[in-house]
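K.L.:
Quick note, the sequences are listed as chains A and B, same order.
Take 22 as the starting number for the first sequence in this note's numbering and just add one per residue.
Take 432 as the starting number for the second sequence in this note's numbering and just add one per residue.
Mixed in with the good hints there might be a few duds.
As the list claims (entries may be wrong) - Derived EDC-like pairs: lysine to aspartate or glutamate, alpha-carbon spacing no greater than 20 Å straight-line:
no.: 1; chain 1: B; residue 1: LYS578; chain 2: B; residue 2: GLU620
no.: 2; chain 1: A; residue 1: LYS125; chain 2: A; residue 2: GLU142
no.: 3; chain 1: B; residue 1: LYS791; chain 2: A; residue 2: GLU252
no.: 4; chain 1: B; residue 1: LYS791; chain 2: A; residue 2: GLU142
no.: 5; chain 1: B; residue 1: LYS791; chain 2: A; residue 2: GLU217
Honestly, the hints are just simulated from the structure, not real lab data.
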Amino acid sequence: MDQASRTPPPTESAKPKPSERRFNLPDFLARFAPLIFLVLLAIIFGLLQPRFWLPLNLWNVMRQVSITGLLAIGMTFVILTAGIDLSVGSLLAFAGLVCADLYKGGEFILQHTGINLGFLEGSVLAAALSAVLIGVLGGLLQGSAVTRMRVPPFVVTLGGLSAFRGAALFFSNGGPISGFDEAFNFWGQGRVINNEVPVPVIIFLGAALVAHIVLRYTRYGRHVYAVGGNEEAARLSGLNTGRIKLSVYVIVGFMAGLGGFVLASRLNSAEAVAGVSYELTVIAAVVIGGTSLFGGEGGVLGTVVGAVLVGVLTNGLVLMNVSSYIQQIIIGVIIVVAVWFDQFIKSRRTA
Amino acid sequence: MIDLDAHPQRIRVGEEPILMMEHIDKSFPGVQALSAVEMNLYRGEVHGLLGENGAGKSTLMKILSGAYRQDSGTITLNGEPVEIQNPLEAQRLGIVTIYQEFTLVPSLTVAENVFMGREPGGRGLLDWSAIQRQTETLMWRLDIDLKPMTLVRNLSVAEQQMVEIARALSIQSQIIIMDEPTSALSEHETQRLLQIIRELTAQGISIIFITHHLEEALEICDRVTVLRDGRNVGTEPINRLSTERLIRMMVGRSASELFQRRSQHRFGDVALSVGNLNHTPDTRDPNAITLQNISFAVRRGEILGLAGLIGAGRTEIARAIFGADEVDSMDLEINGEPVTIRSPRDAIRLGLGLVPEDRKQQALFLALAVRANLSIASLSRLLRFGEFVNRPAENELIEEYRRKLSIRMATPEQRVSNLSGGNQQKVVIARWLALQPQVLIVDEPTRGIDVAAKAEVHQLLDELANQGIAVIMISSELPEILSISDRILTLRQGRITGEFLRAQASEELLMQHMALDEAVSAQVRM
Chain A
22 MDQASRTPPP
32 TESAKPKPSE
42 RRFNLPDFLA
52 RFAPLIFLVL
62 LAIIFGLLQP
72 RFWLPLNLWN
82 VMRQVSITGL
92 LAIGMTFVIL
102 TAGIDLSVGS
112 LLAFAGLVCA
122 DLYKGGEFIL
132 QHTGINLGFL
142 EGSVLAAALS
152 AVLIGVLGGL
162 LQGSAVTRMR
172 VPPFVVTLGG
182 LSAFRGAALF
192 FSNGGPISGF
202 DEAFNFWGQG
212 RVINNEVPVP
222 VIIFLGAALV
232 AHIVLRYTRY
242 GRHVYAVGGN
252 EEAARLSGLN
262 TGRIKLSVYV
272 IVGFMAGLGG
282 FVLASRLNSA
292 EAVAGVSYEL
302 TVIAAVVIGG
312 TSLFGGEGGV
322 LGTVVGAVLV
332 GVLTNGLVLM
342 NVSSYIQQII
352 IGVIIVVAVW
362 FDQFIKSRRT
372 A
Chain B
432 MIDLDAHPQR
442 IRVGEEPILM
452 MEHIDKSFPG
462 VQALSAVEMN
472 LYRGEVHGLL
482 GENGAGKSTL
492 MKILSGAYRQ
502 DSGTITLNGE
512 PVEIQNPLEA
522 QRLGIVTIYQ
532 EFTLVPSLTV
542 AENVFMGREP
552 GGRGLLDWSA
562 IQRQTETLMW
572 RLDIDLKPMT
582 LVRNLSVAEQ
592 QMVEIARALS
602 IQSQIIIMDE
612 PTSALSEHET
622 QRLLQIIREL
632 TAQGISIIFI
642 THHLEEALEI
652 CDRVTVLRDG
662 RNVGTEPINR
672 LSTERLIRMM
682 VGRSASELFQ
692 RRSQHRFGDV
702 ALSVGNLNHT
712 PDTRDPNAIT
722 LQNISFAVRR
732 GEILGLAGLI
742 GAGRTEIARA
752 IFGADEVDSM
762 DLEINGEPVT
772 IRSPRDAIRL
782 GLGLVPEDRK
792 QQALFLALAV
802 RANLSIASLS
812 RLLRFGEFVN
822 RPAENELIEE
832 YRRKLSIRMA
842 TPEQRVSNLS
852 GGNQQKVVIA
862 RWLALQPQVL
872 IVDEPTRGID
882 VAAKAEVHQL
892 LDELANQGIA
902 VIMISSELPE
912 ILSISDRILT
922 LRQGRITGEF
932 LRAQASEELL
942 MQHMALDEAV
952 SAQVRM
C-alpha cells in the first residue's frame, strides 16, 4: 500500500499456476464425463449381454441414433445461445411430408397452393432440398418471433410444436405418404463401406463434423458462444446479437428438415405423426453431452456422445428384455444422474 | 462526548445512546475496508453518515444490518452487547435497512408487501381484512395516502419508498438505515420524505441517513459522522458544520499510492463532440437518471475526466454515446463530421471503444478462455479461408497485448474467470485496443483491482493519450480523476456543473460541484 512503484511486481494470483499446465484429474473428468459414462455403460451392457458388442448391433444403434442426433446437432447451437427449440419433431414431420409428396408428384402441394410441381417427380435432390427449405423457413419464422417480437424461445417453439404438427396433419389430411423407389430409400436404408455402414450414420457424423468445425474454428462459432455466455457483453462488443440468435433457429430448422427427409426414406413412408416427442430425446442428448442450458458452454462432440449414450441405453435395455415401460423410467433417471454428475465434476473443478 | 446543547429537542441530557458501534474493523481480501470505526446513535436522532464512494459507509451499515460480520469490535444495543449474525437477526433487534434498490415484489399489493413473511392470521390462511386494516393504520401513522390494495408496480419510486418505510414501521423497528433515500426523488418528494423522517423521530425511532447531498444532511440530521478510507474523520453536531467543513472532512486522501503522471499530452483536433444530450426516463424505474443538455468535446491526445457522485449520470452518458442505450436527443460529431450512433456496432465502426463499469456483467465472457475474450471484437480482422479464425494471427495479437499490458496468465486457453481482477480488466482494455480506437471511454477502469494493477492501468491510459487517442475516463475516485485527467467535467443529477483544467482542480473544488446545488456552490468559495 505504501510504495508508489511504477513497475509493480507481479501479484500472487497472476502467476501461472503449475496445476493449470499439468494433467489434473478433475479437469480431465470434467471434459470427458459424458464419454466416460458412455464407455462404462457399453462395458456393463457388453458383460451382461455379449450380443451388444456385435458390429451389426452397434451399427444399428448408430442408425437409430442418427435422426435424433441430427436434430441434437442443431439443438446444440440453440442451447448454446441459452435458447430452446421444442418444435423439432413437428417440423421434422411437416418437412418429411412435403418432400415425400414432392417426390411422388406434388399432389398435395398442388391441392393446397395451386402450384404444379409435377415435373420434379422422382428427383431426390429436389425432395431433399424441399425438406430442408421447409425446415429453414420454419426456423426463420420462430427465430424472428424470438428476436423481433421478443417472445421467450420456450413459448415460441411450444407454439411451433403444435402449429407444425397441425400443418403436417392438414397438409396430408392426416394420412401417410409412402412407397418410394430405391433411389429415395437409399438415403435412409442404404449401407456403404463393405455394405456395413448405414447411410444415415454417415450423414449424422458428417453433419456433426461440419458443425464442430463451425463452432470451434470460425468467427460465427465464436459469436454463438459469446452471445450465449453474456449477451450484454456481446452486444457491447459490437456483435449483432439478434442476427446470431435468429441464425441458430434456422440451423436447427435445417437439421429438422434434413432429418424429415432421412426418416421418410428410412421408413419408406412420411407420416404426420412422425417424430412425436423427439424434442425430449434431443434435448436430453444435448444436456447429457454437457452443453449448459444457460448457454455459452458445451459443444457438438459432447452432443454426439450424448445422443449415442441415449441410443446405447435403449438398445442395451432392449437386448436385456427390459420392458419398455421400465426402460422409460431408467432413461429418465439416467438423464438426471448424467447431468448431475457433469455439474458435480464441473463444480469441483471451479472450486 | 457531544455537545448536548445543540439538540435540545431530540437528544436528552444524560441519556445513553441506544446503539454504540465501537472499534469496528473489517477487511476483505486485499482491502482494509474499516479500521477502528466508531459510531453511536441516540433515540430519536437522525444521524448522517457521509463520505466519498468507497469510504466504508456501506460496509459499516452492512455490518449493522447483519449482511457482514465485523472482524473485531463491539456493537451495543440498548446497553446490551449484541452479535448480529444475519439480516433476520438484525430485523428481530429492530434494525431495518431501506436500500437504494427496493426489495418490494412489484406484482403484489402494498399491503402484501408490507406484511411479507409476517402475514397475520395463522393456520396457513391469510386474514385479508386484518392485513388491510393494519396497513391502513400504518399509512395513517405516516400520513401517507396509499391504498393497501394498490399493486406496487403501479407506484412511483417515492411511493415505493413509503411502502418500505411502512414495512419498517410494521416490524417495530427502533433503527431505520436509509441508504441514499433521496437519489431518485424529485425536490417535492424529498421534502415529503424529510417530513416523514421528522415524524418517525418524534415517535422515538432513530434514523441513520446515508447521503451524498450535503444540504440535505445539514437540513435533517442532528449529528453527522464522516468516514474516509474506512476510518473515522469525526462526528460533529450539526450546528458546528457547514458545507465547506463537510467537504473538507470528506476529501483529502493520501496520494502517495497513485500513479503520478509525468508526461505532457499534446492535444490534436476535436475527436468527439457531444451536444444536446437529453433524456427523460420512465419515472417508475428507481435507477432512472434524467440527462439534461449535456454538451462537451474531447480532443485527440486528451484525457477527459467525468466526475460525479452515484446517480450523477456519468455511466448513462457513456452508454448513450456508445449506442448502448436509447436517449431522447443527442448530436454527435466525430472528427468534425456529424454522425448517428444507434448501436454499439455503429460506435465501433466509427472508432469508439467502451470499457464498461461492471466487468463481469457487461464485458467478460466468464466461461470462455482469455483468447475468445480478447479477440471477440476484432475477429473480422483475424480471418483466413473466408470465415475461419486465423489462429496464428490471433496468437500474435494476444501475445502483443500480453506483453504491452503485462497481462499475467498461464496460457491464452486459461479461463478468464481464473484471472485476477486487474488482469481481467487488462483483457477487456486489450479487446478495445486491438481495434485501434480513436476514442476510448473507460468507466471506473480501476474498480475492484489491486493497487499495483491500478497504477499499471493509469500508466496505460497515459500512454494511450500520448499515442493520440482521445480518452474519456469516468471515476468515482477523485484522486484518480485528478492525477490522470487533463480536463475534468463535474456532473450532478444529470447536468454538467463545472469544467476544470487539471491545474485548477482540487478535490474540494470538484466535490463542491458534485455535491452541492449550483445556487449554494456559487456562494461557497473556498
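K.L.:
Is the hinted pair LYS791 (chain B) and GLU217 (chain A) satisfied, with a Cα-Cα distance of at most 20 Å?
P.N.:
At roughly 52 Å apart (the allowed maximum being 20 Å), GLU217 (chain A) and LYS791 (chain B) break the hint.
K.L.:
Under the criterion that the straight-line Cα-Cα distance not exceed 20 Å, is the pair LYS791 (chain B), GLU142 (chain A) satisfied?
P.N.:
violated (57 Å)
K.L.:
Would the hint linking LYS578 (chain B) and GLU620 (chain B) be met if the CA-CA limit is 20 Å?
P.N.:
holds (18 Å)
K.L.:
For the pair we were handed, LYS125 (chain A) and GLU142 (chain A), check the Cα-Cα distance against 20 Å.
P.N.:
Since the Cα atoms of LYS125 (chain A) and GLU142 (chain A) sit roughly 6 Å apart, the hinted pair holds (cutoff 20 Å).
K.L.:
Holds or violated: are the alpha carbons of LYS791 (chain B) and GLU252 (chain A) at most 20 Å from each other?
P.N.:
holds (12 Å)
The structure is inconsistent with the numbered hints 4 and 5, although it conforms to all the rest.
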